[in-house]
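Chain residues, written in single-letter form:
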Amino acid sequence: MVDLTFEIGGPQGGGIESAGQIALRAFMLKGYRVYGTREYHSNIMGKHSYFNIRVRPDEARAPQLPADIVVALDAESVFTHYNDVGEIMVYDTGVLKTKMDRIPSMSKYLKARVQKELEENGVEPTVAGVVELLNKRGKKTVGVPLKQLLKKTSEESGVPLVSISRAINTIGLAVGMSLIGVEVEHLERAISLFFAGKRKVIHPNIVAAHIAYDYAKENFSGFHRETIPDGPHVKPERERLIVSGNDIVAMGKIAGGLRIQTYYPITPAADESLYLEKFEEFPIEQWAQEKLGIEKGGVVVVQTEDEISAINMAIGASIAGVRTATSTSGPGFSLMAEALGYAGIIEAPVVITLYMRGGPSTGMPTRNSQSDLLAALFQGHGDLPRIVLASGDHEEAFYDAIKALNWAEKYQTPVVHLLEKAIANAMKDVFNPDLSGVNIERGKIVEEPEIPFPRFQYTEDGISPRAFPGDTVVWYTSNEHDQWGRRNEDPEERIRMHDKRMKKYEIAAMEIPDEEKAKLYGDPDAPITIVGWGAVKGATLDALERLAAEGIKAKYLHLRVFMPFPSEFVSKVLNSSEKVIAIEGNALAQASMVVRMFTGIDIPHKAIKYTGRPVFVNEVVDAVKYILETNVSKVVLKDGQ
Amino acid sequence: MGIGGARKCMNCKYWRPHRFYEGIGVCTVRWPWKMTFEEDSCQYWEPLIITNPGFYWCHTCKQRVGPEEFEEHLKKGHRLYSSVYLEPEVKEELYPVE
Numbered sequence: 003m004v005d006l007t008f009e010i011g012g013p014q015g016g017g018i019e020s021a022g023q024i025a026l027r028a029f030m031l032k033g034y035r036v037y038g039t040r041e042y043h044s045n046i047m048g049k050h051s052y053f054n055i056r057v058r059p060d061e062a063r064a065p066q067l068p069a070d071i072v073v074a075l076d077a078e079s080v081f082t083h084y085n086d087v088g089e090i091m092v093y094d095t096g097v098l099k100t101k102m103d104r105i106p107s108m109s110k111y112l113k114a115r116v117q118k119e120l121e122e123n124g125v126e127p128t129v130a131g132v133v134e135l136l137n138k139r140g141k142k143t144v145g146v147p148l149k150q151l152l153k154k155t156s157e158e159s160g161v162p163l164v165s166i167s168r169a170i171n172t173i174g175l176a177v178g179m180s181l182i183g184v185e186v187e188h189l190e191r192a193i194s195l196f197f198a199g200k201r202k203v204i205h206p207n208i209v210a211a212h213i214a215y216d217y218a219k220e221n222f223s224g225f226h227r228e229t230i231p232d233g234p235h236v237k238p239e240r241e242r243l244i245v246s247g248n249d250i251v252a253m254g255k256i257a258g259g260l261r262i263q264t265y266y267p268i269t270p271a272a273d274e275s276l277y278l279e280k281f282e283e284f285p286i287e288q289w290a291q292e293k294l295g296i297e298k299g300g301v302v303v304v305q306t307e308d309e310i311s312a313i314n315m316a317i318g319a320s321i322a323g324v325r326t327a328t329s330t331s332g333p334g335f336s337l338m339a340e341a342l343g344y345a346g347i348i349e350a351p352v353v354i355t356l357y358m359r360g361g362p363s364t365g366m367p368t369r370n371s372q373s374d375l376l377a378a379l380f381q382g383h384g385d386l387p388r389i390v391l392a393s394g395d396h397e398e399a400f401y402d403a404i405k406a407l408n409w410a411e412k413y414q415t416p417v418v419h420l421l422e423k424a425i426a427n428a429m430k431d432v433f434n435p436d437l438s439g440v441n442i443e444r445g446k447i448v449e450e451p452e453i454p455f456p457r458f459q460y461t462e463d464g465i466s467p468r469a470f471p472g473d474t475v476v477w478y479t480s481n482e483h484d485q486w487g488r489r490n491e492d493p494e495e496r497i498r499m500h501d502k503r504m505k506k507y508e509i510a511a512m513e514i515p516d517e518e519k520a521k522l523y524g525d526p527d528a529p530i531t532i533v534g535w536g537a538v539k540g541a542t543l544d545a546l547e548r549l550a551a552e553g554i555k556a557k558y559l560h561l562r563v564f565m566p567f568p569s570e571f572v573s574k575v576l577n578s579s580e581k582v583i584a585i586e587g588n589a590l591a592q593a594s595m596v597v598r599m600f601t602g603i604d605i606p607h608k609a610i611k612y613t614g615r616p617v618f619v620n621e622v623v624d625a626v627k628y629i630l631e632t633n634v635s636k637v638v639l640k641d642g643q
Numbered sequence: 901m902g903i904g905g906a907r908k909c910m911n912c913k914y915w916r917p918h919r920f921y922e923g924i925g926v927c928t929v930r931w932p933w934k935m936t937f938e939e940d941s942c943q944y945w946e947p948l949i950i951t952n953p954g955f956y957w958c959h960t961c962k963q964r965v966g967p968e969e970f971e972e973h974l975k976k977g978h979r980l981y982s983s984v985y986l987e988p989e990v991k992e993e994l995y996p997v998e
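Keeping their order, the protein sequence lines are chains A and B. Under the numbering used here, the first residue of the first sequence carries the number 3, and numbering increases by one thereafter. Under the numbering used here, the first residue of the second sequence carries the number 901, and numbering increases by one thereafter.
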């Protein structure tokens, strides 16, 4: 079975993004599923960035190492990724003599580690030294004169060099695609698709691709893999999209009837709002026009002056009666703490999409983590019922975005939707989402309310009907209040009102089925249970296949909703397991702490990662095997640059 | 002070190195600017001489240096230019980071 990893690295801003995007499309056109992980620095320009692209006939859902091929477009990429090389490294012959200590953008800590390893292997700390080491290791090294091929591209395309210097990336990419066995026609189509509408860019890039293919064929024919067969999706029955996690959350929100999104720009959340801005107006079908009495649909997207304003504006819009959400990451969520409590006490339905990055504080803005789970659960003071759910992949993220909007309005409570940078920035092909099962549930709304209106009316299920300013008069205060929303500190009424708010949480716990809160993958009778959440899902599901091939029977318990927590279901699964291993992208093993809090079960073995990089498939396999061999309680995962 | 050496683009006062890729840059002697390789040469070549305090691009350190720092970089043999070439489309390749 084809299971490829294609890695391409170079200077941030130098065309790596385009190269990665083109590669993803080329593999899709070849009929494969793809998953592209992007790594980049927070200093924006010049530092090292790379794309790790996983290619499979079935769903590609996580990065893995080693990479079958590494295309290093500059010297720094050679030094940074030579240990990622599984079979082939493509490099620029123009940088062969480059010494590692003359690369200012490279981290001194990485330099020190690489220097040590190169010295131990008796090679010079130059690109040539690394090439020598790779050859000693039996890897194939392919030197490409990128600049000469760029010049040839200019001559053959008739386009001045100054206009096409970024075609260097296409040349490097094309040599890699050629060696891995993808026909140039697929790359051509991918270039045309990615640069659609930019004819002046398409032509020289296609010329560059052909020149690179010819060069690879003439000079490295012995290194060529056989052409990989067409994948099963070469003539897809269903339309596929290539989307980032940010994109698909935005799509989910639109499908879920979002009307106002507020945000303050922050990595890795901002792209979601930028995507939504493209849909401030969109056409709707005739029946919808007639039913709603409007000609167009739309989402109002407001960039506020900070995150405090963002959530308060979202709360205001929610009071006014429209579906609202805000989107942020750790530092922004910290600023939202007080307003989160306000949303809780006034029972305002608001969705907070929380993208997790490396913390605490500013931390590592462009790097991955799962370290905001406890913050999502406990941020804010007072007894505050809320719903917290986490998506494990792009498909889950789409439907979760809709669910979050529904739950917020149904239970009139803040909903925190957690995603990791590993999902937000990863490009994945997904089938066009099926909307047939999607319902917009707005909860209890009174069309013709009395004036004034008892907004916090006591009801059996704790959920009071909503009515909106304009239709009636309602009072909202951050103080404790009575049914009318008027300030009230009477002890008996306090108990009644507080219990009313808590009752909603009990109702949500009962009504949201366990299968939406947690899911078990694999053989339910397998003696080993791996517990995880978020993007750990993809790496672990792939790892289960590999472990099974080695005779290790394991299943995966994927946690989705942390509040209300599926205590009984999780207890049942864990109590019937011989061995339980948690895999998490944070240092505290936060989900394991939550499991213990709600079930009393202490997960004895944990594989944790807090380097800021995603969990790789190979790491899960190795960690599980290591824990089974040694019975250690903790393994720290470190793969990826 | 200057880089010295042969009459190559890399030592010419009209040449600006590419921000990201080694060995290429733009010649600014005539409009439209032309991309050349650092080993290229032409009849318009003039020596790159840097003496006056000011802001320069240090191609060795890949950063802009100020009037107080430029001499230090020259003493270390770093490659200084009056500016660096950045493609207009570079924004398409950058990730917004906040």
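Because the hints were derived from the structure by calculation, they are not lab data. The structure presented is a predicted model; accordingly, all values stated were derived computationally and were not measured. Just so you know, not all the hints are guaranteed correct.
Only some residues are given here: those of chain A computed to face chain B with a beta carbon under 10 Å [said to hold, decoys possible]:
1. Q14
2. E19
3. G48
4. D273
5. P435
Backbone N, C-alpha and C fix where the C-beta goes; we use that ideal spot for every residue, glycine too.
Each hint tested on the structure:
| no. | hint | in the structure |
| --- | --- | --- |
| 1 | Q14 | holds, 7 Å |
| 2 | E19 | holds, 5 Å |
| 3 | G48 | holds, 6 Å |
| 4 | D273 | holds, 7 Å |
| 5 | P435 | violated, 26 Å |
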